[in-house]
Amino acid sequence: MVFSEEKMNEVNRLIASYPQGKQKSAILPVLHLAQEVNGGWLSTEAMDYVASLLQLDPIEVYEVATFYSMYNLHPVGKYIFEVCQTGPCMIKGSDDIIAYIKEKLNIGIGETTKDGMFTLKAVECLGACGYAPMMQMGKTYREHLTREKIDQIIESCRSMNN
Amino acid sequence: MVKLLLENAQKEGIRFLKTYRENGGYQSLEKALKMAPDNITEEVKVSGLRGRGGAGFPTGLKWSFLAKPENTPRYLVCNADESEPGTFKDRFLMEFIPHLLIEGMIISSYALGSNRSYIYIRGEYAWIVDILRQAIEEAKQNGYLGKNILGSGFDCEIFVHPGAGAYICGEETALLESLEGKRGNPRIKPPFPAVKGLWNCPTVVNNVETIAAVVPIIKMSGAEYAKIGVGRSTGTKLISACGNINKPGVYEIDMTISVEDFIYSDEFCGGIANGKKLKACIPGGSSVPILPANLLLKTAKGETRYMNYESLSDGGFATGSMMGSGGFIVLDEDQCVVKHTYTLAHFYRHESCGQCSPCREGTGWMERILKNIETGKGKMSDIDLLWDIQSKIEGNTICPLGDAAAWPVAAAIRHFRDEFEWHVLNPEESQKRNYGLANYASPLALVS
Ligand SMILES: Cc1cc2nc3c(=O)[nH]c(=O)nc-3n(C[C@H](O)[C@H](O)[C@H](O)COP(=O)(O)O)c2cc1C
Ligand code: SF4
Ligand code: FES
Chain C
1 MVFSEEKMNE VNRLIASYPQ GKQKSAILPV LHLAQEVNGG WLSTEAMDYV ASLLQLDPIE
61 VYEVATFYSM YNLHPVGKYI FEVCQTGPCM IKGSDDIIAY IKEKLNIGIG ETTKDGMFTL
121 KAVECLGACG YAPMMQMGKT YREHLTREKI DQIIESCRSM NN
Chain D
163 MVKLLLENAQ KEGIRFLKTY RENGGYQSLE KALKMAPDNI TEEVKVSGLR GRGGAGFPTG
223 LKWSFLAKPE NTPRYLVCNA DESEPGTFKD RFLMEFIPHL LIEGMIISSY ALGSNRSYIY
283 IRGEYAWIVD ILRQAIEEAK QNGYLGKNIL GSGFDCEIFV HPGAGAYICG EETALLESLE
343 GKRGNPRIKP PFPAVKGLWN CPTVVNNVET IAAVVPIIKM SGAEYAKIGV GRSTGTKLIS
403 ACGNINKPGV YEIDMTISVE DFIYSDEFCG GIANGKKLKA CIPGGSSVPI LPANLLLKTA
463 KGETRYMNYE SLSDGGFATG SMMGSGGFIV LDEDQCVVKH TYTLAHFYRH ESCGQCSPCR
523 EGTGWMERIL KNIETGKGKM SDIDLLWDIQ SKIEGNTICP LGDAAAWPVA AAIRHFRDEF
583 EWHVLNPEES QKRNYGLANY ASPLALVS
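As you go down the protein sequences, you meet chains C and D in turn. Oh and the first sequence: position 1 is 1 in the numbering used here, straight run, nothing missing. Oh and the second sequence: position 401 is 563 in the numbering used here, straight run, nothing missing.
Treat the hints as calculated values from the structure; they're not laboratory data. Among the clues, some could well be false.
[Stated by the list, open to error] Calculated lysine to any residue pairs in the SDA-like style (CA-CA distance at most 25 Å, straight line): (1) C:K24 with D:G308; (2) C:K22 with D:K196; (3) D:K344 with C:F3; (4) D:K541 with D:E583; (5) C:K24 with C:G40; (6) C:K22 with D:P353; (7) C:K7 with D:D292; (8) C:K139 with D:Q296.
[As the list claims (entries may be wrong)] Just the calculated beta-carbon pair ranges, DEER-fashion: (9) D:E591 with C:I109: 25 to 31 Å; (10) C:A99 with D:A435: 50 to 56 Å; (11) C:R147 with D:K180: 17 to 23 Å.
Idealized CB from N, CA, C, for every residue including glycine.
One chain only, chain C, in its complex shape:
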């Protein structure tokens, strides 16, 4: 995996936002970029690449990548449904949303559909408790979820890939 020139410019902008010699601070944002370029997950190769860009030992990057829940350390589907399951979402029916997605896509939590399209994750409070139940999909939130909304979302993901 290598970054395009555009991504490299972004990396350099990120590094420049910290004082000289503190480029280690850029690990988190650069790992986000690497995950995006690498199909939604961080392979060892991708992490080693980030280490080389920031002049760090690979272990410094592994340590960080394994701590934070947004980094996927295994391959994932093209679309990731990250459904919040914490208290405030639970009382508004997140259990039912998770059960419905499981049934509809025939996968369990943490699993990916056979066609590589969808991954289901159960995650913790995303700061959308007033708009529950909800899930994160890539860079956006889908809020006030219902079974019908889930149907529509799955439908539109599939149609975009036909």
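Starting from the known structure of chain C, arrange chain D with the ligands on it as the hints suggest.
Here is chain D with the ligands on its own, set in the frame of chain C:
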């Protein structure tokens, strides 16, 4: 009701500098740059502003602790990690009126002498990262950021740093570790960030709402700000309300309103949804004690409870709760306190950084026991065991996450023990229906 932060938040175009300025934006900055930095800190002190991140520490006092050794940079770091379940107020502020935070950051940076300031925002708020970066760019183009701001001689840059999913990074020293590119393990204190913070330099960490509040304080003066509210709860507070209410959302209140009015008035939560009855509420984010309806609306002395720091904590943990982060979670008569507490225990187990054994082991143990009780496999002795575990976590850890994990369990048992016992005694029935309202909404026997 007076609004100092969100007055213009729903105005068309307020996300952009032009409209923000047309509505009085950046006037506080212009005023502040003509003041001496220490006078700004003084205004903040006089205002009585208390940290809006959860602990309620007086902001002006915190600023005055900042060490100022020569030839050492100082940093202002804005805590936008917002991950406490029930809390979504900072998101609202940043999403709709980002320049308010940016203006507050520049004024605060000037007061503290920070030429490089950071906004540490939870990584999941990815679209808000873009909104903030755009606002910063606009501010730069208009001379509000960069070198020699508005001819004052003050230089300042603001950078947005996204996290990557870890509640613990909201704890200020874990946040600093994370900003340095490490795992979010809280540091042992002292030294405090005011002396050794980011890259070992003196640092102030403040919540989004705290920093935004500096803008109206400078505009109206600290003394005028202090007149709003009551006692040591000055100014306005953002409350994010969720759960079984008619109108979930973010509300700006002045802290003289009663809890009852906040829940039932149409201006705010609009009452309990679907005509149900109020059973319980966690008034300040998942970490603070849950209260049954009767103790929520009135204190143990039978006095009206108000939405402010003092009143919410009236009675201590025995019969009160806390203002916390302002995450107001309402549970109606159909909700199961055991299950709700179990999801929170799961949350804290998942978010423990694992450095201290009471927290690492205790959170997992509490989660397992609560799961057993919730699924009808609990024993009566489990309830006492839970109590024992939480009491051994509290106060015995490096950072307050241990306490934050212990308190919700302790309060649930303290006030809802009958519901736990019912689960144990009725393992089958408890899988089919919930315990219900019991007597939680009945008038209290007055304590003299
Ligand atoms: C586990 C834990 C999580 C926290 N999360 C946040 C948070 O998301 N946002 C926040 O502003 N403060 C959070 N805090 C409080 C911060 O440590 C710190 O007190 C606060 O940012 C100081 O700002 P303030 O004085 O303006 O409130 C958290 C504390 C703990 C112990
Ligand atoms: S109390 Fe928990 S989260 Fe805090 S440092 Fe200890 S193990 Fe980590
Ligand atoms: S509990 Fe689901 S977003 Fe907060």
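How the hints compare with the structure:
1. C:K24 with D:G308: With a Cα-Cα distance of about 24 Å, the restraint between K24 of chain C and G308 of chain D holds, given a limit of 25 Å.
2. C:K22 with D:K196: Roughly 33 Å between the alpha carbons, so the hint for K22 of chain C and K196 of chain D is violated.
3. D:K344 with C:F3: Holds, at about 23 Å.
4. D:K541 with D:E583: 9 Å, holds
5. C:K24 with C:G40: With Cα atoms ~22 Å apart, K24 of chain C and G40 of chain C stay inside 25 Å; holds.
6. C:K22 with D:P353: 21 Å, holds
7. C:K7 with D:D292: Between K7 of chain C and D292 of chain D the Cα gap is close to 16 Å, so the pair holds against 25 Å.
8. C:K139 with D:Q296: Distance ~16 Å between K139 of chain C and Q296 of chain D Cα, so the pair holds.
9. D:E591 with C:I109: 25 to 31 Å: Hint holds: Cβ distance 28 Å, inside 25 to 31 Å.
10. C:A99 with D:A435: 50 to 56 Å: About 22 Å separates the Cβ atoms of A99 of chain C and A435 of chain D, which means 50 to 56 Å is violated.
11. C:R147 with D:K180: 17 to 23 Å: Between R147 of chain C and K180 of chain D, where Cβ atoms are some 43 Å apart, the hint is violated.
Checked against the numbered hints given earlier, the structure breaks hints 2, 10 and 11 and satisfies all the rest.
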